[in-house]
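Line by line, the protein sequences are chains U and Y. For the first sequence, the working numbering gives the first residue as 1, with consecutive numbering after it. For the second sequence, the working numbering gives the first residue as 1001, with consecutive numbering after it.
No lab work stands behind these hints, which were simulated from the structure alone. Some hints could be false.
[Stated by the list, open to error] Listed next, the in silico DSS-like pairs over lysine-lysine satisfying Cα-Cα at most 27 Å (straight line):
(1) U/K35 with Y/K1135
(2) Y/K1194 with U/K35
(3) U/K120 with U/K135
[As the list claims (entries may be wrong)] One side only, chain U facing chain Y, incomplete, derived with CB under 10 Å:
(4) F43
(5) I47
(6) A48
(7) E51
(8) A124
(9) I125
(10) G127
(11) S128
(12) V132
(13) E185
If you're wondering where the values come from, they're calculated on a predicted model, not measured in any experiment. Even glycine gets a Cβ: it sits at the ideal position worked out from N, Cα and C.
There are 2 protein chains.
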Amino acid sequence: MAAMWTVKVVGLGVVALSLSLELLWWLHRRLRPGKPLNEVLFFPSEIACVEHIFTPSSPSSCLCSLPHGLETSFSRLLRHILSASTSLDLCIFAFSNMDLSRAVLALLSRGITIQVLSDKDYSAITGSQIGVLRKAGICVRCDKGSVHMHHKFAVVDDRLLITGSLNWTLNAVQSNMENILVTEEPDLVRPFIKEFNRLWALNDPARYRHSNGQKLEPLR
Amino acid sequence: MAAMWTVKVVGLGVVALSLSLELLWWLHRRLRPGKPLNEVLFFPSEIACVEHIFTPSSPSSCLCSLPHGLETSFSRLLRHILSASTSLDLCIFAFSNMDLSRAVLALLSRGITIQVLSDKDYSAITGSQIGVLRKAGICVRCDKGSVHMHHKFAVVDDRLLITGSLNWTLNAVQSNMENILVTEEPDLVRPFIKEFNRLWALNDPARYRHSNGQKLEPLR
């Protein structure tokens, strides 16, 4: 009789142990946050057609002479930008790359909230896409200071940071040695969101007045 | 009698449960890697004396007119560079900042292995510190291509990545709007180490020959 009870006790102990292990494993998997995305892209990127990224529904429609179907640093960058579902905050020194401009305009047509901060000198040079974005209705602010706004970062959906040495120009993408770091790590993303908001407020045209005392019209 | 056994069974179950919980918690703490350093620095940095960073043993010895004892973005950057205990791999487009040059030379005097990759055009401009480092005995290689080596990153001890928009110039530190990202995240550090090694090998002077067919002397 006593032996039977011992077997039962041991059996129940084993059941309790296995159940609690299973419960803890489930809790561990539920509570542990998934590892955030961390990716590094180096440039110059291979030159390849990126049409399929803009029109994924008809990937074989392009007849241009560039290689097709290649996944390059540049196509990865475009994909990350186009992954936006709510917002894009872009803080960029030089912006003349037509494909990147097309990506930003594609987001605009999908109703994404876009804010662009740029350097006042470089936004005025020939080939700059800043005027194109502004004309399309995107809210653009240019740094008013005498120094350079030298950042090259974007924050997608307040979640994904894209930053590095790469200006958004054709030379940077196709010729220079450059890097882009893409991360969802909150400790890295949060400071950039905060700095973007600070610079955005700092360059609010409503804070500036013409020399004749009139308020400047808010720029688009 | 049966009631007593039930109490014992329940008691043993509770003991088994608590022991397994404790064991799992211990395993969780042992196996979970410590969170890697992630830090973001924004510039322009406040202008302050950095003498105490170079001579921490006599922090109050400096009599210059700059504010003392301030922890700024620039002092943080210097501290991260000076934290090197074995190696510094630097890949920098423009390097003219005297304090940053002093930090690299301080590492050299401590026997740290230093490799510097720079852009051939910018390393030759007035005020560049690349020649100073080379004369001091640091192994420097300059990009031979016709394009720009536009990176601005450093890897400390194959462990810590320092990267961003900031060139190592006085203007970048004290005037421009810039960012520096400091991280120990292996998924971000590893690709930069690999890219540095690739560029280092690519720009090995032994691979180049003078137009007269003689091998170039390795540059220091």
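Now for the hints, and whether the structure bears them out:
1. The hinted pair formed by U/K35 and Y/K1135 fails the criterion: a straight-line CA distance of about 45 Å is larger than 27 Å.
2. Of the supplied pair hints, the one linking Y/K1194 and U/K35 holds, its CA atoms being roughly 22 Å apart against a limit of 27 Å.
3. Restraint check: the Cα-Cα separation between U/K120 and U/K135 comes to about 16 Å, which is no more than 27 Å; the hinted pair holds.
4. Contact between U/F43 and chain Y, as hinted, is supported at the beta carbon level, the nearest pair being about 9 Å apart and thus within 10 Å.
5. Because the closest C-beta pair between U/I47 and chain Y is about 13 Å apart, greater than 10 Å, the hint is violated.
6. A hinted interface residue such as U/A48 counts as satisfied when its beta carbon comes closer than 10 Å to some beta carbon of chain Y; here the least separation is about 18 Å, so the hint is violated.
7. Annotation: U/E51 was flagged as interfacial toward chain Y, and the flag is violated, the nearest CB pair being 26 Å apart, outside 10 Å.
8. At a threshold of 10 Å, the smallest CB-CB gap from U/A124 to chain Y is about 18 Å, leaving the interface hint violated.
9. Annotation: U/I125 was flagged as interfacial toward chain Y, and the flag is violated, the nearest CB pair being 17 Å apart, outside 10 Å.
10. Violation of the interface hint for U/G127 is found here, the shortest Cβ-Cβ separation to chain Y being roughly 17 Å, above the 10 Å cut-off.
11. Taken as an interface hint, U/S128 does not check out: its beta carbon lies about 18 Å from the nearest beta carbon of chain Y, beyond 10 Å.
12. At about 23 Å, the closest approach between the beta carbon of U/V132 and any beta carbon in chain Y exceeds 10 Å, and the interface hint on this residue is violated.
13. For U/E185, the shortest C-beta to C-beta distance to chain Y is roughly 6 Å, which falls under 10 Å, so the interface hint holds.
Hints 1, 5, 6, 7, 8, 9, 10, 11, 12 from the list above are not met by this structure, while the remaining hints are.
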